[in-house]
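Residue numbers (the numbering used here), protein chains in the order written: chain U, 443 to 641; chain C, 443 to 641.
A pair counts as met if it fits within one copy or between any two copies, since identical chains are not told apart.
20 Å max Cα-Cα, derived EDC-like pairs, lysine to aspartate or glutamate: (1) Lys474 <-> Asp529; (2) Lys574 <-> Glu598; (3) Lys474 <-> Asp560; (4) Lys474 <-> Asp491; (5) Lys574 <-> Asp517.
These aren't lab readings, by the way, just hints derived from the structure by calculation.
There are 2 protein chains.
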Amino acid sequence: MQEIERLIQLLARLPGLGPRSARRAALELIRKRESLMRPLAQAMAEAADAIRTCSTCGNLDVSDPCPICADPRRDDRAICVVEQVGDLWALERAAGFTGRYHVLGGVLSALDGVGPEDLTIGRLIDRVGPGKPVEEVILATNLTVDGQTTAHYITERLEGSGVTVTRLAHGVPVGGELDYLDDGTLSAALKARQALPGS
Amino acid sequence: MQEIERLIQLLARLPGLGPRSARRAALELIRKRESLMRPLAQAMAEAADAIRTCSTCGNLDVSDPCPICADPRRDDRAICVVEQVGDLWALERAAGFTGRYHVLGGVLSALDGVGPEDLTIGRLIDRVGPGKPVEEVILATNLTVDGQTTAHYITERLEGSGVTVTRLAHGVPVGGELDYLDDGTLSAALKARQALPGS
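Chain U extracted, bound-state conformation (with noise of 0.2 Å):
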């Protein structure tokens, strides 16, 4: 029972799961062992030994520097600026954007203790020095008070950068209903409020 129970503990650490469905999830692994506990096991043991950090923007994948970093048809003038790794994958997954990434890892709190020196924000600012091809530095940290002061503070490193910062747009979701947005999406969507073509 004991491998059971520590198979339930490791389980429940991942997010979405708690111990009552970690349990649940333990006896579907335990009844499909061979089907998937197995594969399972050896995955995420391949991807353990697998997976690196790129050391240019952050990413998580299994080559350093990371495809994006490495594909040469990549816009190098623009850079979006991220929090975090899963950030990055939801935008890549939206398939709209053609730049590169940088991947902060966080963003500043004080009330958690981090700073910039516990960030990439050094690095980013390497990225961007005179002589580098980057015009544009999107941010699109999330639009908590943390991940506003973050753009705030890399905005003001950036100054004099010759760069051009930008943000991603904020306003209604495609398929809400205003109904059910919250007023802070709202009065942002009617600030940020465009002219229809021919009006």
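Knowing the structure of chain U, use the given hints to seat chain C on it.
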């Protein structure tokens, strides 16, 4: 990226994780490669090697017979019949039952083509036969149509064997609010109402 996609696909097969939360779980695992992903991979590999199905009751554990079947202090006179191993574990956590168990491995289902020979009903009958110490069989199958059909079938098969067949009480869950209960439970609780002591 292939390693990560494979990891996400396997994680998404766990109950409680969809494609989106599997992606988040994979990211968390990759971030905590040494502290979470490797230990979990190892715990799974070890569990896959160690865990056996008890040939007496159908429980899953590292020994056969399982610790419950092997425990001489447990009461041989009662067998509690459950659908799945998870139900056995839930009853053990409730810690109110000191007898033995029998895991059916599912329920009879005409729709899914599950007949008596697909479950461990034959082995249950063998455990109850003449000369055996069993006096009571508690049917703890779920209160679904299939669960109740299975309970009914087992009751018929046990007729004439001399054992008492009982089922779990149905009623209002402890801490349950009537307002949120389904009608079936409420009417079952009303039918099974009990006199208060001294009334």
